Each structure stands twice: as C-alpha cells, then as structure tokens.
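Chains as they are written, first to last, in the working numbering: chain A, 2 to 309; chain B, 1151 to 1453.
Honestly, the hints are just simulated from the structure, not real lab data. Treat the hints with caution; some may be incorrect.
Among the chain A residues that face chain B by a calculated CB cut under 7 Å, a handful are [stated by the list, open to error]: (1) Asn-61; (2) Val-301; (3) Leu-303.
Computed from a predicted structure; not experimentally measured. Just so you know, even glycine gets a beta-carbon here, dropped at the ideal spot from N, CA and C.
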Amino acid sequence: MMHIYLPVAHTSINLVVILLIGTGIGLLSGLFGVGGGFLITPVLMMFGISPVVAAASGANQMVAASTSATLTHWKLGNVDIKMGLILIAGSFIGGGLGVQVVKVLSALGNADFVIKLTYVLLPLTVGGFMLVESMKTLMGGSKGATRKQEGKESSLARFLRHLPMQMQFEKSNVTHSLLLPVFIGIAVGVLAAIMGVGGGFIMVPVMLYILKMPMRVIVGTSVFQILFTVIEVTFLQSYSNHSVDFVLALIMLIGSSVGAYVGTLLSEKLDTEQLKILLSLLILSVGVKILVELISRPLVLLTYAGGK
Amino acid sequence: MKTKWIVIYTLAMLFVCGAYISRTEAALTLKVEHRTIPVDTFYNGTTLRVNGTVGNGEDILVKVSSPIEEESFMTKIKSAHLFWMNKDKVSIKGINHVYMLFSSGKLNGIVSDSNRDKYDLGYKAIQNHMVASPGSVSEQLFTEFIKLKERDGMYVVSDGAVTLKATNNGENEFGLSIDLPYQLPQQRYNITVYGLRQGSVVETASEEVEIQPVGFVKDISFMAYNHGGVYGALSVLIALIAGYFVTPFISLIRRLLLWGGSMPIKVLRMFVPVTATVAAGAVRHNADAIGADYSQTIVKDRG
Chain A
2 MMHIYLPVAH TSINLVVILL IGTGIGLLSG LFGVGGGFLI TPVLMMFGIS PVVAAASGAN
62 QMVAASTSAT LTHWKLGNVD IKMGLILIAG SFIGGGLGVQ VVKVLSALGN ADFVIKLTYV
122 LLPLTVGGFM LVESMKTLMG GSKGATRKQE GKESSLARFL RHLPMQMQFE KSNVTHSLLL
182 PVFIGIAVGV LAAIMGVGGG FIMVPVMLYI LKMPMRVIVG TSVFQILFTV IEVTFLQSYS
242 NHSVDFVLAL IMLIGSSVGA YVGTLLSEKL DTEQLKILLS LLILSVGVKI LVELISRPLV
302 LLTYAGGK
Chain B
1151 MKTKWIVIYT LAMLFVCGAY ISRTEAALTL KVEHRTIPVD TFYNGTTLRV NGTVGNGEDI
1211 LVKVSSPIEE ESFMTKIKSA HLFWMNKDKV SIKGINHVYM LFSSGKLNGI VSDSNRDKYD
1271 LGYKAIQNHM VASPGSVSEQ LFTEFIKLKE RDGMYVVSDG AVTLKATNNG ENEFGLSIDL
1331 PYQLPQQRYN ITVYGLRQGS VVETASEEVE IQPVGFVKDI SFMAYNHGGV YGALSVLIAL
1391 IAGYFVTPFI SLIRRLLLWG GSMPIKVLRM FVPVTATVAA GAVRHNADAI GADYSQTIVK
1451 DRG
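Can you build the whole structure from these sequences, using the hints too?
See the structure below:
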C-alpha cells in the first residue's frame, strides 16, 4: 500500500486513505450541500493528524473549492459584492483573532481541547436543530408553531433595525446596519481559524434568517466571503503556526472533486428531507464521537506540550 | 638467575594475557545496515538491520537512543468532573526522546543493577536520572511517561529480540531488525552494542545513524518552518490556480462526453467521475440544494 509522508504533519498516511477522506467529504458536500470543511478536521484527527494541522490544511483545501464555486456564482450574478466585502472585512478581523487564539492555546497546550470542544458544541447544536426541524417537517408539525409568528416582528428584528449605520444592499434588496455583517464576519472568521471551516454552514442560515437576503444571492455571497476567509486563515496559519500541510490539502482536493461530482449525481435521486435527516445524524455523530473522547478517561494521562 | 626466570615468566604471562584480552576486546563488532535513513515522499518508517560478532558466552544488548535532552509535557486531569483536558505543564530533564533496548535474553537476568545504572540500560535506569520541574518524578508521572513514549513507538524494551548464532571460530554472530516508526524525530541516533558476561559489560561498540528528510519533503518542510509567509502565499496561490481551472476542465470533459459517441469516449465516460468535476458543478448544485432547502423552510415558516 502506498504511503505518503506529510512534510508538515510529520505523519505517514496511506495515499488511498487521504483520497478516500477527500472523496467522502466531497460526496457529502455534493449530497448535502455543505462545504465539507466542517467534517474534514474531525475526520483527519481520526487518522492521527493533529487538530491544528488538520484545521489549517482543511482551510487550504477549501481555498481551491471555494475559488471554483465563487467563479461559478460570479458568472451567474449571484454575488452581493457590497455585503460580501463587509463580511470579508469582519472575517479578516475574526480570522486574525482566531489564529492568535490557536497560537495562545497551542502554547498553553489546550488547542487540542478547545478545537475538540468546538466540534462538540457546534455539531450538537446545528445537527440537533436540523434534525428537529426535519422531523417536524416530515411529521407536518411546524405549521402551528410558525403561524404564531405571522405578522409579528421579532425582538431580534426590532433590535437589528435600531442599530446605527444602517445601509442599503441593492443586490440583496435589504437594509441593515453595517455593524451586523461585520460582527457576523468576525464570528465566522474566528470559527474558520479554530475549526478549519469556511463557515458556510453558519453563514447560510444567518444570511437567510437574520440578514433576510434572497436565497439566490446567499450561496454566491457566502462562498465569495468564505474564499477570502480561508485564504487569510491559510496564510496566517502558515505564517504564525507553521501548520498548513500543503501536500495533504492538495491530495484531499483531488478526492473531494471526485466525491462532489458523485454526490451531486446521487443527490438528484434522493428526497431533500431525507437528506437533511441523514446530514443531521452525520453531524450529530461527529459531535457525539468527539464528546465521548473528551469525557472518556484517556489511555495516557500525559501529552506532549505544544499542541502538536 | 632465579630472578631472571621470574621476570621472563612474568613478561610471557603478560604477553599471553594481553593477547587474550586484546582478542576478546576485538571480538565485538557492529555493522549497521544504513548510516543515513532518508525521509522521502513515500517514507513510512523503516526496518534497520544491525548485526556483528561477539565473544563466545557473552550476552548482547543493543541500545538505540537520541541525545539526552529536556522535554515538556502536559498532564491531563478531569475538569469540572466532566472533560479530560490538559492541565499542568511539566518539564523533564535527563531523558532521551527516543530509547530502544533490545537484548539477547531477559534483561534482568543478563545485567547487574550497578551496570544497568552505569550504562543506562532499561527503564529503571532512565527513571534514576530523570528530573521533573516543577515537582519530582512520581511513580505515576514515570508510568504515564513510559506509556506515552511506548504508544508513539519512541520507547521500546524488548527481551530476546537479539538472535545469537555460533560461528566456526568460537565467536557468536548476533543479529537484530529494528522497526523505526515514521514518528521518530528526524535527528541523529546512537546505536550501542554491549557485550555482557556474568552481568557485567565487558565490551561495547557503537555507530551513529541519522534520520533526515530529503528531496521534496526536506524542501517543503524547510520552507514551511523557515519561510512561513512564502509557504503560505504559495499554498494559497496553487490552491487558487487549481480552483480556477477546475470549472473549465469540467466543461471540457462534459463537451467531450456530449460530443463523443465513439468507443474511446465511452471508455472515457467510465472514468470521467474520477478525473472531472470538482466543486463547480457540485457547488452549483449545492447552491440549488441549499436554496431549495431553505426556501422550503421559509415557505413553511411563512405558512
């Protein structure tokens, strides 16, 4: 079996395994419409790649994937550049903060713990929410609850409307305070650095439910913003933490390209709600697996300092 | 006259003993298969063959060790009665990053306690010169340290791993295959062979082996650690180029598929999922999928 030595991860891993990881991630991406970065880090961790290197290399892999996606959406006219640039400004600040957080945590020896904990909390929240929503939809139980909300402006919406520096976003046909997308960008940037994700799985629902942007523009603007976030994270992780394994990223990219194609074909034959339930179960299982690792007594009660 | 014979007898005995001693000292030889172990693109650890000769009746110990250094660790504790997390940093001085000891018999049976400590043979000897800061080397810390090192393949103590075979000239040939895992740090290692008689080391021989990156691995690793900015910029640039060419590449493959009806194209079709696509098509579809997904939710939410 052909093994390949990863020069930054300092790990020898079967080439077929990396390709399969990439293919699997791409398959899920094609099937469920998620970026895949969310799953890359925990899966690589399972194969002995340190969390810091897994997160940074995952971001590098996403540079290529989001470049391709952004070009496609740009041609279709689906990118709100104004909104995207403000989100990018926020995510640059967040990305910088996140990289420094990783650096400090690595020095303290707890980067591993924080990354794992983030991978417990977010999957359980997002996966749980998705599962409940899908089950409600399947059972037709959401109608009663949603009717109550009709005609009422939520307290969140009122709060957002009263924020200063309101501005019009023509492409999306919405008006928001400048502070809102900046704040959202910062949050996603921090997550991108810590988790090695583009943040699409958070950005899309946020744009939809909070920024009230039209669906046509959401995904294009999201990938546009993610592209810049992952570029920044890749660069800063290389510069500050020396944790980007370019070889790993490139091989995963090849696999994910194949997987994305197959996943896209398969998804056309499956029901959307069933797909959502499958995805939520998958996300939940990632969270549960890492949770079990965190609460189970480790085999060795000592680890190397430095987080690698 | 008597004194003269005593002097001649003494000199003769000294000569005979000297010849015998020099013969036994010369009996221990050590040959290492490679002096340099290259870490290249397809490196997955290696097996190092060590052999040589030793005086008849002697036992053999082969030690592979990195220089004695200081290493820092984090102890794990259960926090808030729930999560296991890293807590206190502890530095340990006087340890080898890597320590492997292979013997021709049971370690405790072939080396005396005094020789064990003098020549640093076995875990007990390591424990004796470990110094922890802050605090001291407790039994628990030492146990966890050995468990951690053994888990990563850095520490090995293996009884009976060295084979001995008698030769025609009254010596023994020894042989050993050492599995060096890929996790071993890229540095210089000392391989020392000890010939033991009745628990005491009577002769030693040593060689050095170096694990070092070569070629692509060396260049990439050097750039990543010494020119992080350039490495980061190149990583981004190559990924951007790869992403840029993905979409046209898919279009090309699709055009070929649509155009083709001939056998070569049919054959190509079978392999297209492996060569084509990437994100673009998928992402376009994903966008639609997400759009459909959330649009459905909105529609439902709005009644």
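Each hint tested on the structure:
1. Asn-61: holds, 5 Å
2. Val-301: OK, holds: Val-301/A within 7 Å of chain B, min 5 Å.
3. Leu-303: Status holds, d = 4 Å.
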